[in-house]
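Residue numbers (this note's numbering), protein chains in the order written: chain R, 1 to 111; chain Z, 1 to 114.
Since the hints were derived computationally from the structure, they do not count as laboratory data. Yeah, the Cβ is synthetic: ideal placement off N, Cα and C, and Gly gets one too. Be aware that one or more of the hints could be misleading.
[Stated by the list, open to error] Which bits of chain Z does chain R cover? Going by a derived footprint, with three or more residues having C-beta under 8 Å, they are: (1) 77–88; (2) 94–105.
[Claimed, not checked] Pair ranges (Cβ atoms, derived): (3) Z:G3 / R:V54: 46 to 52 Å; (4) R:S106 / Z:T112: 44 to 50 Å; (5) R:A29 / Z:E83: 31 to 37 Å; (6) Z:E14 / R:E5: 34 to 40 Å; (7) R:K42 / Z:Q80: 46 to 52 Å; (8) Z:P61 / R:S9: 22 to 28 Å.
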Amino acid sequence: GENVEQHPSTLSVQEGDSAVIKCTYSDSASNYFPWYKQELGKGPQLIIDIRSNVGEKKDQRIAVTLNKTAKHFSLHITETQPEDSAVYFCAASITGNQFYFGTGTSLTVIP
Amino acid sequence: EAGVVQSPRYKIIEKKQPVAFWCNPISGHNTLYWYLQNLGQGPELLIRYENEEAVDDSQLPKDRFSAERLKGVDSTLKIQPAELGDSAVYLCASSLQGMNTEAFFGQGTRLTVV
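Bound-form chain R, shown alone (with noise of 0.2 Å):
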């Protein structure tokens, strides 16, 4: 099955920094890969996806790259704020309704 690698693990950034967050995948078949934010206590929610036929996408704050290729992708946040604090967690499928996460990337915004 596919192996979904993510990295840092942990990340601290000051208010107002960037932060780059990045995902390898074993499998090329793969051809979606959503981002999920997860707060303490809660579920996982989606922030962003990309497909494997889009190299960029963009929403306000927050970028998705994807290099097919080296088989990357990575996740961009800009003007962070202390509210972007979470964990968050990258996702590659195949058929579109199977979903292999990363590890998990504990974000901490120091105000």
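Please arrange chain Z on chain R, whose structure you already have, making use of the hints.
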């Protein structure tokens, strides 16, 4: 509109005892997932339903875990007997049928086996 509802939120049981988790998906969502999330890890799929049919249960430990989704709406996940290693968060998610559709997660049930 209510999101995915799970109960209970927390459960503490002794090893070898049975336990059951309940999930009510978002209305109209045909696809339902049960995920296991260990501390510091990402969710891992246990079972996926399309309506009332379990279409992917390859990761479900069938010797002690069972699930059902009667009438294609609510679902129950059961463990019998529970082991210490089953301590984790059990997440339910639902989505519209089809590919690349957003999965909405419930808050999860945190199980502690002592």
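Outcome of the hint check:
no., hint, in the structure
1, 77–88, "violated (count 0)"
2, 94–105, "holds (count 9)"
3, Z:G3 / R:V54: 46 to 52 Å, "28 Å, violated"
4, R:S106 / Z:T112: 44 to 50 Å, "22 Å, violated"
5, R:A29 / Z:E83: 31 to 37 Å, "35 Å, holds"
6, Z:E14 / R:E5: 34 to 40 Å, "37 Å, holds"
7, R:K42 / Z:Q80: 46 to 52 Å, "28 Å, violated"
8, Z:P61 / R:S9: 22 to 28 Å, "27 Å, holds"
In this structure, the earlier hints numbered 1, 3, 4, 7 are contradicted, and the remaining ones agree with it.
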